[in-house]
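Novice: When the letters of the sequence shown are read in order and numbered with UniProt numbering, they come out as residues 1 to 217.
Derived from the structure by calculation, the hints contain no laboratory data.
None of the values given here were measured: they were computed from a predicted structure.
Hints are supplied without guarantee of correctness; some may be wrong.
Below, computed lysine to any residue pairings styled on SDA-like, alpha-carbon distance capped at 25 Å [what the hints assert, rightly or not]:
id : residue 1 : residue 2
1  : K136      : T182
2  : K136      : R169
3  : K136      : V73
4  : K136      : P158
5  : K136      : K14
6  : K136      : R178
7  : K136      : V119
8  : K14       : G29
9  : K136      : T192
Quick list of the computed label-pair ranges, beta carbon to beta carbon [to be verified]:
id : residue 1 : residue 2 : range
10 : A9        : G44       : 46 to 56 Å
11 : V47       : A13       : 24 to 34 Å
12 : V51       : T192      : 15 to 25 Å
13 : N38       : D170      : 33 to 43 Å
14 : F68       : T96       : 17 to 27 Å
15 : A40       : T96       : 20 to 30 Å
16 : I64       : D211      : 33 to 43 Å
17 : A99       : D170      : 40 to 50 Å
18 : Q106      : D170      : 46 to 56 Å
Even for Gly, the Cβ is constructed at its ideal location relative to N, Cα and C.
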Amino acid sequence: MAAIFTPGANLAAKLVLIGGVAAGAGGLGWWWLWPRTNYARRVGFPVEQPVPFSHEHHVAGLGIDCRFCHAAVESSAAAGLPPTYTCMTCHSQVWTNAAVLAPVRQSFARHRPIAWQRVTDLPDYVYFHHAIHIAKGVGCEECHGRIDRMALTAKARPMTMGFCLDCHRDPGPRLRPRAAVTEMGWRRGPATPPAQALLAAYHIGARRLTDCSICHR
Numbered sequence: 001m002a003a004i005f006t007p008g009a010n011l012a013a014k015l016v017l018i019g020g021v022a023a024g025a026g027g028l029g030w031w032w033l034w035p036r037t038n039y040a041r042r043v044g045f046p047v048e049q050p051v052p053f054s055h056e057h058h059v060a061g062l063g064i065d066c067r068f069c070h071a072a073v074e075s076s077a078a079a080g081l082p083p084t085y086t087c088m089t090c091h092s093q094v095w096t097n098a099a100v101l102a103p104v105r106q107s108f109a110r111h112r113p114i115a116w117q118r119v120t121d122l123p124d125y126v127y128f129h130h131a132i133h134i135a136k137g138v139g140c141e142e143c144h145g146r147i148d149r150m151a152l153t154a155k156a157r158p159m160t161m162g163f164c165l166d167c168h169r170d171p172g173p174r175l176r177p178r179a180a181v182t183e184m185g186w187r188r189g190p191a192t193p194p195a196q197a198l199l200a201a202y203h204i205g206a207r208r209l210t211d212c213s214i215c216h217r
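Take the sequences, apply the hints, and build the full model.
Specialist: Structure representation (C-alpha cells):
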C-alpha cells in the first residue's frame, strides 16, 4: 500500500504548527502593544485646524499668557476656547489682510465661532476640572507639555488612567506656586516651597486622590 504522506509531510506539519504559534503570539503582541503606542494615542501628532494657530509664536514669541485666550481655566471645568473677538483684539490691527487669517475675519463678520478641533479629548466617563488643578498648583505643562514650543498644537501626554494615577499617587513633585502655573519650563529653585509644604498649603490629601469617585462620577 502506498504511503499517504510523503517524507516531507512531517517537516511541513512542523512548519505550519510553528508558523501558527508565531502568528498567534505576534497577533497577541500587536493587540497588546498597538493601543500603547504614541501613534494610536495620537501623542505628538498635530491636529489639523481651520487656522494653523502657533502657540510657539504667541506664547514664546509674544509672551501671551495662557489665560488671555483660555479665560475660563481658573473658574470652570473646561479651559475654554477663545471667542473670535479675542483673536481680533490683536488681528484687527496686525496681519489684517493675511490669507491664513481669513477664517478668523469671516467668523468675526458672520458672528459664527471657528470650528476648532479638540486636541486632548478625554472619555465621557472621566471627570476632569481645569479650575481645581489650577487652584492646586498643577502647571499647564504637566498635561499639555511645552506648548510654547509647538508651532502646531499636538497632544503631549497619553492622558491614560495610568498617566493620571502617576500624579494622583504622588502629586507633591508636580506642584508649584500658583503664580507659576502658566509658566513654561518652570523649575524648582531654592525659594520654592518643598512638596510637603505645597500639599499642606493646597489642602491636598493624597490618599483620597486615588478614590474612584475622584475621576469617575
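Novice: Run the structure past the numbered hints and jot down the numbers of the failing ones, going up.
Specialist: Those not satisfied are hints 5, 11, 12, 13, 15.
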